[in-house]
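Student: Residues per chain are reported as follows:
There are 2 protein chains.
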Amino acid sequence: MNPTINIGLFGFGVVGQSVYKVIAGAKNAHARIRRICVRDASKPRAIATPDGVLTDNPDRIFNDPDINLIVEVVDDARASYRIVTTALKRGIPVVSGSKAMIAAHLPELIELQQEYGAALLYDASSCGSIPVIRNLEEYYDNDLLLEVKGILNGSSNYILSRVFDHDEEYGHALRKAQEAGFAESDPTFDISGMDSLYKLIIITVHALGVYVAPERIFTCGIADIHDFDIRYAREKGVKIKLVAQVVKVGDAQFTMFVMPEFVAPSKYIYSVDNEYNGVVIRGECYDRQFMFGKGAGGLPTASSILSDIMARRHGYRYEYKKMGYIDRPEYTTDVLLRVYVHYKETDVPSLLPFERVREMFVSECGNYVIGDISLGRLIENRALLDAPDVFAVNIPQFFLDKDD
Amino acid sequence: MNPTINIGLFGFGVVGQSVYKVIAGAKNAHARIRRICVRDASKPRAIATPDGVLTDNPDRIFNDPDINLIVEVVDDARASYRIVTTALKRGIPVVSGSKAMIAAHLPELIELQQEYGAALLYDASSCGSIPVIRNLEEYYDNDLLLEVKGILNGSSNYILSRVFDHDEEYGHALRKAQEAGFAESDPTFDISGMDSLYKLIIITVHALGVYVAPERIFTCGIADIHDFDIRYAREKGVKIKLVAQVVKVGDAQFTMFVMPEFVAPSKYIYSVDNEYNGVVIRGECYDRQFMFGKGAGGLPTASSILSDIMARRHGYRYEYKKMGYIDRPEYTTDVLLRVYVHYKETDVPSLLPFERVREMFVSECGNYVIGDISLGRLIENRALLDAPDVFAVNIPQFFLDKDD
Numbered sequence: 001m002n003p004t005i006n007i008g009l010f011g012f013g014v015v016g017q018s019v020y021k022v023i024a025g026a027k028n029a030h031a032r033i034r035r036i037c038v039r040d041a042s043k044p045r046a047i048a049t050p051d052g053v054l055t056d057n058p059d060r061i062f063n064d065p066d067i068n069l070i071v072e073v074v075d076d077a078r079a080s081y082r083i084v085t086t087a088l089k090r091g092i093p094v095v096s097g098s099k100a101m102i103a104a105h106l107p108e109l110i111e112l113q114q115e116y117g118a119a120l121l122y123d124a125s126s127c128g129s130i131p132v133i134r135n136l137e138e139y140y141d142n143d144l145l146l147e148v149k150g151i152l153n154g155s156s157n158y159i160l161s162r163v164f165d166h167d168e169e170y171g172h173a174l175r176k177a178q179e180a181g182f183a184e185s186d187p188t189f190d191i192s193g194m195d196s197l198y199k200l201i202i203i204t205v206h207a208l209g210v211y212v213a214p215e216r217i218f219t220c221g222i223a224d225i226h227d228f229d230i231r232y233a234r235e236k237g238v239k240i241k242l243v244a245q246v247v248k249v250g251d252a253q254f255t256m257f258v259m260p261e262f263v264a265p266s267k268y269i270y271s272v273d274n275e276y277n278g279v280v281i282r283g284e285c286y287d288r289q290f291m292f293g294k295g296a297g298g299l300p301t302a303s304s305i306l307s308d309i310m311a312r313r314h315g316y317r318y319e320y321k322k323m324g325y326i327d328r329p330e331y332t333t334d335v336l337l338r339v340y341v342h343y344k345e346t347d348v349p350s351l352l353p354f355e356r357v358r359e360m361f362v363s364e365c366g367n368y369v370i371g372d373i374s375l376g377r378l379i380e381n382r383a384l385l386d387a388p389d390v391f392a393v394n395i396p397q398f399f400l401d402k403d404d
Numbered sequence: 001m002n003p004t005i006n007i008g009l010f011g012f013g014v015v016g017q018s019v020y021k022v023i024a025g026a027k028n029a030h031a032r033i034r035r036i037c038v039r040d041a042s043k044p045r046a047i048a049t050p051d052g053v054l055t056d057n058p059d060r061i062f063n064d065p066d067i068n069l070i071v072e073v074v075d076d077a078r079a080s081y082r083i084v085t086t087a088l089k090r091g092i093p094v095v096s097g098s099k100a101m102i103a104a105h106l107p108e109l110i111e112l113q114q115e116y117g118a119a120l121l122y123d124a125s126s127c128g129s130i131p132v133i134r135n136l137e138e139y140y141d142n143d144l145l146l147e148v149k150g151i152l153n154g155s156s157n158y159i160l161s162r163v164f165d166h167d168e169e170y171g172h173a174l175r176k177a178q179e180a181g182f183a184e185s186d187p188t189f190d191i192s193g194m195d196s197l198y199k200l201i202i203i204t205v206h207a208l209g210v211y212v213a214p215e216r217i218f219t220c221g222i223a224d225i226h227d228f229d230i231r232y233a234r235e236k237g238v239k240i241k242l243v244a245q246v247v248k249v250g251d252a253q254f255t256m257f258v259m260p261e262f263v264a265p266s267k268y269i270y271s272v273d274n275e276y277n278g279v280v281i282r283g284e285c286y287d288r289q290f291m292f293g294k295g296a297g298g299l300p301t302a303s304s305i306l307s308d309i310m311a312r313r314h315g316y317r318y319e320y321k322k323m324g325y326i327d328r329p330e331y332t333t334d335v336l337l338r339v340y341v342h343y344k345e346t347d348v349p350s351l352l353p354f355e356r357v358r359e360m361f362v363s364e365c366g367n368y369v370i371g372d373i374s375l376g377r378l379i380e381n382r383a384l385l386d387a388p389d390v391f392a393v394n395i396p397q398f399f400l401d402k403d404d
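Chain order of the listed sequences is G and B.
Just so we're aligned: the first sequence equals residues 1 to 404 in my numbering.
Just so we're aligned: the second sequence equals residues 1 to 404 in my numbering.
The following block holds chain G by itself, in its conformation from the complex (with noise of 0.2 angstroms):
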């Protein structure tokens, strides 16, 4: 065991500062922050550190003999992505709670961490607080896992749930995420589902063993969501949550994408609100567990990195067993979805490929159809969805037969 964690520590916002206070006050931790790197060393700060510990140079970390681990919590993807290849490459673990960078880049990381032997944590970077990475890797096996399913998303969650338990009007909910620490710099990654699209794609290469690069997978966002969506949601007795799952489907396959759903209150994730995550595990063995907390925020993050550079003084390391497996299931978008699409101009009904239209309900306030499409369809069509004045909720109940 490493008797002290010297911390090489990139990135002091709400996330640094947290990890920074975190690590002060954690006695048993045995670990300390040495160097804190940042753009501008000059700039004046909430928290005072001794003198000599803010440098604007990496090398100051990068060539540091005594650091032996890297905490990388800047919030630029290009930056984290030079500061975790670099450190690999010099054989210096990094926790990181970039999950963009990840969720592009974590093929090449992986063989970055094989070639080089430097282990990377990313715990921090899926749901705050909740251990879900470390938990799908290390005690939800492959073959009972049939299903990831949450909020991963705190920020949406926050505004979602102001827009409906307290009526508030979606920008000045947006506003109250921002000022209270819950939404990234730019809002528009948490509200286009950007952000639980890349949490999903780490979470389902330890869930599943399978990389699936972001672009091949359907997202959409709250974005667009209208009164109108509200009302109609209040009046069938169901919230709007924007959701992340990968799903089993048949013995070789799994889908997974992000959207909107509508989630009735006899689901776990109804009751999660605000700028809390939750996530629903199913396996065949033990049903549906559920995890549940603090999403988003500069302290639940930093418990997570402080429990991820613990691991590390006990020489942890994700193995990634989940892909060495043979019977790895495959990605499909072929699988049909009930989906609701709230539309003003755009013409849905004529212009989505919908297999078979269920609803329809035209008025002066608004319209929607309700139909079955398949992923694969939607995916073709995002551009369509994306217009300002269409919105989309998946109807959760089942995954279609083709023959329904």
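Just so you know, these hints were derived from the structure itself, not from any lab.
Among the hints, erroneous ones may be present.
Since the list can't tell identical chains apart, any single copy or any two copies may satisfy a pair.
To be verified - In the DSBU-like style, the derived pairs of lysine-lysine whose C-alpha atoms are separated by at most 30 angstroms in a straight line are: (1) Lys27 <-> Lys321; (2) Lys321 <-> Lys21; (3) Lys21 <-> Lys248; (4) Lys27 <-> Lys248; (5) Lys236 <-> Lys176; (6) Lys176 <-> Lys21.
Take the given structure of chain G and dock chain B to it, following the hints.
Tutor: What follows is chain B alone, placed relative to chain G:
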């Protein structure tokens, strides 16, 4: 990595047979059951096993050099103790589900693991399919952890759910729990709170690094619940749940106990019904996390045992790191609780040394007193509280200051 795990299985009841089925169905587990030791090998079984697999001679497992893991799911604490200690002394790793035995002998079992270098895993012993032990051991750092509280016994929770939500009579609900295979062969174990207590002791070792022997911990079950109590709880809009908890009080101390509790609808565990377990982990940074899953039944337990088996394939062992921490908190019973005590003949208000009585109710149907009392006093008055006409429930809004 060990190419194949060859298992010697002790016990072939509900859990043992489920383990057999789950391993047979797990393609990527690389595990097989080589031999099963039972008390009577000639007894007819629901599951057919190949010739020569069943034996009633333990040495056919202990002396088989090809067996590299022992899985022990025997429903007899003394037999379980013999099996586990014999295996560890011979350097054979063990996966065990015997919480009573583990809770009673954990300090010795930890020493044996260290002395002989063989690992003992027992995630299946606590909360069925929920990976509580491993998460406490690996993920939740001591300094940040404030409380672990939850419903740890599926069988008593099932009974309370039937009584509360389905207006069933207590004895009827108990029989149904036994028929469904949720209850232990001796259901008093579940109902007296002892099963929850054993799990709480194991959890506390992995949460705070401190072992407290069963006899030092206040434990109070649900056997003497009365219609009167159920009506009272309903009127107050709460449920009665059997709750186990370990809680830090101040910086240097913690307390723990098992007791029925009035649970308000706003609490996570309020919605943990039927045979489910739910655990709330509270920490300084992440506030509350909630883990929820099936806590009783053969298959959920078997899936947890499979996770332990897979962990052994990768050489995993508990490090008991928190037991090595310098600043471990100390166990105290010097905390004030506020309790509701229902009684008929026993003169509870005179006999139970309350620090302060808050409410009293006397009627032809039954009487109750609500008052503040220290946990130490409750332990001293166990015999009184065990009287069949007495039923005590924790009112959990706070730990009271002595001065309150």
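Student: Does each hint fit the structure? Answer for all of them.
Tutor: We went through each hint and held it up to the structure:
1. Lys27 <-> Lys321: between (33 angstroms within a copy, 14 angstroms between copies)
2. Lys321 <-> Lys21: Close across copies (23 angstroms), not inside one copy (34 angstroms); limit 30 angstroms.
3. Lys21 <-> Lys248: between (41 angstroms within a copy, 21 angstroms between copies)
4. Lys27 <-> Lys248: between (43 angstroms within a copy, 16 angstroms between copies)
5. Lys236 <-> Lys176: within (28 angstroms within a copy, 35 angstroms between copies)
6. Lys176 <-> Lys21: Close inside one copy (24 angstroms), not across copies (52 angstroms); limit 30 angstroms.
The structure meets every hint from the earlier list without exception.
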